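Taking the hints into account, I'd like the entire structure generated from these sequences.
Chains A and B, in that order, give the protein sequences. The letter at position 67 of the first sequence is residue 67 when you use the working numbering, and the numbering goes up by one with no holes. The letter at position 519 of the second sequence is residue 519 when you use the working numbering, and the numbering goes up by one with no holes.
Hints in this document: simulated from the structure, not taken from any laboratory. The model shown is predicted, which means the values in this text are computed figures rather than measured ones. Where a beta carbon is used, it is the ideal one built from N, C-alpha and C, also for glycine. Treat the hints with caution; some may be incorrect.
[To be verified] Quick list of the computed label-pair ranges, beta carbon to beta carbon:
#1 A:Ile23 <-> B:Ile214: 35 to 41 Å
#2 B:Gln221 <-> A:Glu92: 31 to 37 Å
#3 A:Asn7 <-> B:Ile314: 33 to 39 Å
#4 B:Asn147 <-> A:Glu85: 17 to 23 Å
#5 B:Thr178 <-> A:Phe13: 28 to 34 Å
#6 A:Leu97 <-> B:Leu78: 21 to 27 Å
[Stated by the list, open to error] Sample of chain B residues with no beta-carbon within 10 Å of chain A, all distances over it, derived:
#7 Met1
#8 Leu13
#9 Phe41
#10 Gly282
#11 Glu307
#12 Asp369
#13 Glu388
#14 Tyr394
#15 Glu403
#16 Ser410
#17 Val547
Given next are the chains, with one letter for each unit.
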Amino acid sequence: MKIKYQNFLRNNFFLLILLFAVIVVVFLSYNRFIVRRDYIVEYEGNCDPTVDVCFIGCEDDECIENYYYFNIQKYAADLYGQCGEDITDCEEANVCLPEDHNCSITYCDVEVDGDICTLISESNSEIQNGDRDFQEKELLQDNNDNNNI
Amino acid sequence: MICYLYPEPIYLLFSYDVPVLLYYAQIPATVVALLLSFYVFWKGRQFLLNRLLFLIAIFFSFWTFTTLIVWAGNDGGLMAFIWPFYNLILSFIAIFCIYFIYVFLTKKDVGFRLKIIFLTLLAPVLILASTNFNISGFNITNCDAFNFEWLPLKIYGTSLGLLAMVWILILLIRQYRTVASDFRKQIVLMGIGIELFLFSFFGMEFLATYLTKIGMLPDSQLELYGLFGMVIFMIYITILIVKFKTFNIKLIATQALVLGLAALIGSQFFFIKVPLNMLLNGITFIASIIFGYFLIKSVKKEVEQKEELAKLNIDLQELLKQRESLVHLVTHKVKGSFTRSKYIFAGILDGTFGEINAEVKTRAQQGLDSDNMGIETVDLVLNAANLEKGTVKYDMKNVDFGELVKSTISEKKLSIESKGLKLETEIKDGIYNVLGDSLWLKEVSNNLVENALKYTREGKITVGLEKKDKKILFYVKDTGVGITPEDKVSLFTEGGRGKESVKINVDSTGYGLYSVRLIVEAHKGKVWMEPNKEANGSVFFVELDAV
Numbered sequence: 001m002k003i004k005y006q007n008f009l010r011n012n013f014f015l016l017i018l019l020f021a022v023i024v025v026v027f028l029s030y031n032r033f034i035v036r037r038d039y040i041v042e043y044e045g046n047c048d049p050t051v052d053v054c055f056i057g058c059e060d061d062e063c064i065e066n067y068y069y070f071n072i073q074k075y076a077a078d079l080y081g082q083c084g085e086d087i088t089d090c091e092e093a094n095v096c097l098p099e100d101h102n103c104s105i106t107y108c109d110v111e112v113d114g115d116i117c118t119l120i121s122e123s124n125s126e127i128q129n130g131d132r133d134f135q136e137k138e139l140l141q142d143n144n145d146n147n148n149i
Numbered sequence: 001m002i003c004y005l006y007p008e009p010i011y012l013l014f015s016y017d018v019p020v021l022l023y024y025a026q027i028p029a030t031v032v033a034l035l036l037s038f039y040v041f042w043k044g045r046q047f048l049l050n051r052l053l054f055l056i057a058i059f060f061s062f063w064t065f066t067t068l069i070v071w072a073g074n075d076g077g078l079m080a081f082i083w084p085f086y087n088l089i090l091s092f093i094a095i096f097c098i099y100f101i102y103v104f105l106t107k108k109d110v111g112f113r114l115k116i117i118f119l120t121l122l123a124p125v126l127i128l129a130s131t132n133f134n135i136s137g138f139n140i141t142n143c144d145a146f147n148f149e150w151l152p153l154k155i156y157g158t159s160l161g162l163l164a165m166v167w168i169l170i171l172l173i174r175q176y177r178t179v180a181s182d183f184r185k186q187i188v189l190m191g192i193g194i195e196l197f198l199f200s201f202f203g204m205e206f207l208a209t210y211l212t213k214i215g216m217l218p219d220s221q222l223e224l225y226g227l228f229g230m231v232i233f234m235i236y237i238t239i240l241i242v243k244f245k246t247f248n249i250k251l252i253a254t255q256a257l258v259l260g261l262a263a264l265i266g267s268q269f270f271f272i273k274v275p276l277n278m279l280l281n282g283i284t285f286i287a288s289i290i291f292g293y294f295l296i297k298s299v300k301k302e303v304e305q306k307e308e309l310a311k312l313n314i315d316l317q318e319l320l321k322q323r324e325s326l327v328h329l330v331t332h333k334v335k336g337s338f339t340r341s342k343y344i345f346a347g348i349l350d351g352t353f354g355e356i357n358a359e360v361k362t363r364a365q366q367g368l369d370s371d372n373m374g375i376e377t378v379d380l381v382l383n384a385a386n387l388e389k390g391t392v393k394y395d396m397k398n399v400d401f402g403e404l405v406k407s408t409i410s411e412k413k414l415s416i417e418s419k420g421l422k423l424e425t426e427i428k429d430g431i432y433n434v435l436g437d438s439l440w441l442k443e444v445s446n447n448l449v450e451n452a453l454k455y456t457r458e459g460k461i462t463v464g465l466e467k468k469d470k471k472i473l474f475y476v477k478d479t480g481v482g483i484t485p486e487d488k489v490s491l492f493t494e495g496g497r498g499k500e501s502v503k504i505n506v507d508s509t510g511y512g513l514y515s516v517r518l519i520v521e522a523h524k525g526k527v528w529m530e531p532n533k534e535a536n537g538s539v540f541f542v543e544l545d546a547v
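Here's what the structure looks like:
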């Protein structure tokens, strides 16, 4: 019986090691991503173009209506604690709070991102007019596509 | 964390917000791979090769399953949990493909050292799988983790696919040079199948990830095309099973066809939305299964019968071999006995044992004649056996066949005339040179004349020779008993003795004409028999090429 068991181990050590390793990986990943939520969550936060330099996004495919956002990264465990599973109507999701372990907000940088950013001084009038020239719409469309990868 | 821009999926896997290609690519490929590999595994669980194929199909199914969840899902947490396994499954598929090919080529498990190498290659992806080096975060706006993957590890996983392709190619080429031709065909089929699978699977995966990362593609939909590589691989596996009985299982082409058909029709259920279409597909699916069942049953029966016949044929060949060696043994022993008693009778007749009276002399002469006939019969059987086996080596030279025939006539003339028969010759002037062995060609003419003598009670025997269009025609015509159509069938066959001929010649062995046929055919000639139109009797013809 003992010899049979030893033979089984010797013949299948490769598969057994892999099986053990996979079980460990599944356990560790489950613990990290599902239980502890130990990862960064990135999403688009609501941005006020009158106050900040925001990215311009399109609400629809034709890009008739726009919205303004910044990129925010939060520690998943913190975000879950503040908003639960869904952040749609959660105010805390749009700001970095002092108790956040890891939080950063990235606004649009005109020098890096160029014309896809709003300009604080002009944004008011842009919102009121609700109108843009053709070139800007095209840029917005590109921006939207890139962000939807 | 919910990806707030994406709809909630149905049963984790189904969503209207995904490319249709996703289901078309994933489901049939997975169903076909799982069904076939499970069948292979089930039929030969004791074989490592079968187990490895099933493992590869399981890894592949994990891959498609997780891909479906990620494409259709909107639960960021679940996807963040699943995402790290992509690289792991990719690496496993690559390494297990190498392992599979090793076992396929060598028919045994790989060594300890190679297993350590496999483990070493898998170690980085296993160790780093659940760390930030694999993925560090998740974007719940786009519902992906592309920007949080650590590129070096991602490239490492894909590179294992490239390594597998090269490694397998080298193994296949090296083995191809050293094996027999039948296994070479298997190597080519397996090589094409697995290389196409690896190329499409890893190639598309790499392209999709790379082009999405640099922003050239909006999403990684391109990788879905790579999954069709698995279907191609499974087609090659099926060919190997059906044609070469690889994996030690008997899968007939009909089974493979019906299984494939059922898998394809069955997979339609996953993307049919209209109830009427669902019903029609259901009817087609059930009908194809019922029809397939009966088809497989009848074809299986036919295959079994064929296999039984083939087995019987092998048994028969074995029996023939045994009989042949027994005949050789017996005939040699018999010939030895005849020869010994022949010399005793000859000794009695020539006075070696002293003076004998007339009565003893007559009996001794009868004994000597009987022994000579016995030796002749044994020689006939032995010659026929040797001719049939191909152990006779013909000394092919330029031979004057006319001279051989004339020699036979002069030798047999006395016997023919002593029986009260008339001997006529119809030898036309000409050169009758043929390429052949004079000893055996003489045997042909002797046999045919002797045959005519045995079966002719009265009348004449005519021996003729003529040349027409570079062909030499030799014939022996008799006015004997003739041959009935029933007896004609057994002429020139081994031991073929007609019912009528036995009445005339009780000592007929049935090996004389059989030997003639074998000798003539070895000289690329023809031999046949026709009834004698002039009188009751037969004409035996031999046609040889003139040189």
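Looking back at the hints listed earlier, which ones does the structure fail to meet? 7
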